[in-house]
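Chain A is already provided as a structure; the job is to place chain B on it using the hints.
There are 2 protein chains.
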Amino acid sequence: MKKTKYICEKGLPFDEVGAKICFPLIKKIYFKKSKYQKIEIFDLKFWGKALYLDGVLQTTKRDEFIYHETIAHSALFSHNKPEKVLIIGGGDGGTVKEVIKHKQVKEIILCELDGEVIKASQKYLSEISKKAWQDKRLKIIIKDGKELIKNYLNYFDVIILDLPDPSENAKSLISNSFYRAVKNALAKNGIISVQSESLTNQIGLASLINRNLKKVFKFVRLQRVCIPSYQAGEFSLTLASDFNLDSIKIESLRKKSKGFDLKYYSPEIHFSSKILPLYLKQKIGE
Amino acid sequence: MKKTKYICEKGLPFDEVGAKICFPLIKKIYFKKSKYQKIEIFDLKFWGKALYLDGVLQTTKRDEFIYHETIAHSALFSHNKPEKVLIIGGGDGGTVKEVIKHKQVKEIILCELDGEVIKASQKYLSEISKKAWQDKRLKIIIKDGKELIKNYLNYFDVIILDLPDPSENAKSLISNSFYRAVKNALAKNGIISVQSESLTNQIGLASLINRNLKKVFKFVRLQRVCIPSYQAGEFSLTLASDFNLDSIKIESLRKKSKGFDLKYYSPEIHFSSKILPLYLKQKIGE
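Keeping their order, the protein sequence lines are chains A and B.
My numbering puts the first residue of the first sequence at 477, with every later residue one more than the last.
My numbering puts the first residue of the second sequence at 477, with every later residue one more than the last.
Just so you know, the hints here were simulated from the structure itself, not pulled from any lab data.
A couple of the hints might just be wrong.
Identical copies carry no separate label here, and so any pair may be met within one copy or between two of them.
In silico EDC-like links for lysine to aspartate or glutamate, alpha-carbon gap of 16 Å or less [unchecked claim]:
#1 LYS521 / GLU492
#2 LYS757 / GLU744
#3 LYS496 / GLU485
#4 LYS607 / ASP737
#5 LYS739 / GLU762
#6 LYS647 / ASP620
Extracted from the complex, chain A is given alone in its bound form:
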């Protein structure tokens, strides 16, 4: 019998617990060293196609919907009338795939720094993006999100920060000043949805994001998500807004989400994911 090969994630940036997760490998499908990072796509046994950036797993076919449904729908359903959506990062197309399910949305801008991620995803990860790239409402801009955001004032209803871990020397995308620029680009009652890291492995980083968001937005609501392919533990995605996120009623979410094709997100999950156990509240400083 052939011995199973495993692909093990290298240590996460800002990792505090040193756990490693390994997946059974079928084969490597793609490799490129772009201007910004090492891009790899593997075919994993059980998990399907998987994207790694600089050795850190971003998404797998098997469980991508958990991350992408939460980051997109928790914000879009919380907004009264989401018409203009900006995604910063998200080059795999998974978030776009969820956003396009909202018929109300008229304009989607995907701003990705690294065009090579989009190219690779379009070619090899269509199981994750599905019809995202064909949607007529989508405009792709290859640019640093920090630059693009300066061009907009009171414009977007929802901004999704679908970003990888910040590199050791580049915490600028989780800084106060970036969040302030994001807030300026939001229209009235706009909502942002943020990849806010692992509460198990990167609690220092997750707390920093939480603190910085709180300096800029009146309402910051962290959501627990269990994403099996991410390293051991509790993962988080966060909503932030000056709009009162606690005023949202479950009946309203039920009405809005009726008929949507969803496997993870639901109005019930929307609320239950906000309940933190004491040990996580203490860690995050809430």
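The following block gives chain B in isolation, referenced to the frame of chain A:
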């Protein structure tokens, strides 16, 4: 710089996704091949002392409270007057440590098949059991739980099945007939609390437990728990009873749990952990 050594879990029994989790090792503390299994205790970096049975991680100092608080308190707080408690398995003492926090409880029987697990835990895992072994209400019986349970009729208020994964050929502790024997040993309005496996890695096994419990008990309520040291994914613990578990009010749990020293379990978590996303409902057959 010395290279970090890792200890990787061997494949779980009934594993369906082939992910492996590895932890940074400081040193091996204990090893014994008992009559039933290979018992190992390691000191892990970040995670502290950890117990492995037959190569499968049972508990670590860092996150044991998540499992033990949930399996003990979700049942004990759901019961009106828990006085007699039986734990089958649980040789590490972590569940006993939680049960003794309930002053109402008058009698605790710990029935563990493998006395060597208790001996090793008493010697090396006192950070997990704390004062459990000194509690005067506790009686330890070294015996097969299937045998012990036959001696009791309408006796226990709460029975906790704190069992490791069943071995390939020994599913008898998750069978209908065992659950029926457990039910016979329960007093009126008694509740059982069951380790019901990973919803990510062992969904076949988790579904089987769920189906079998439903054949025997009127109310079966699965709870999602994220236990970081367990392999990638969603873990579950289940309550089952003929008593209406849905009749429990949050106010009652708040009143009962006031003043308890808890880091994970709370009345809010009690309810939110029962909310399943659609994909898990479908997997488990709910």
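Worksheet item: Hint by hint, which ones does this structure get wrong, listed from lowest number up?
Response: none
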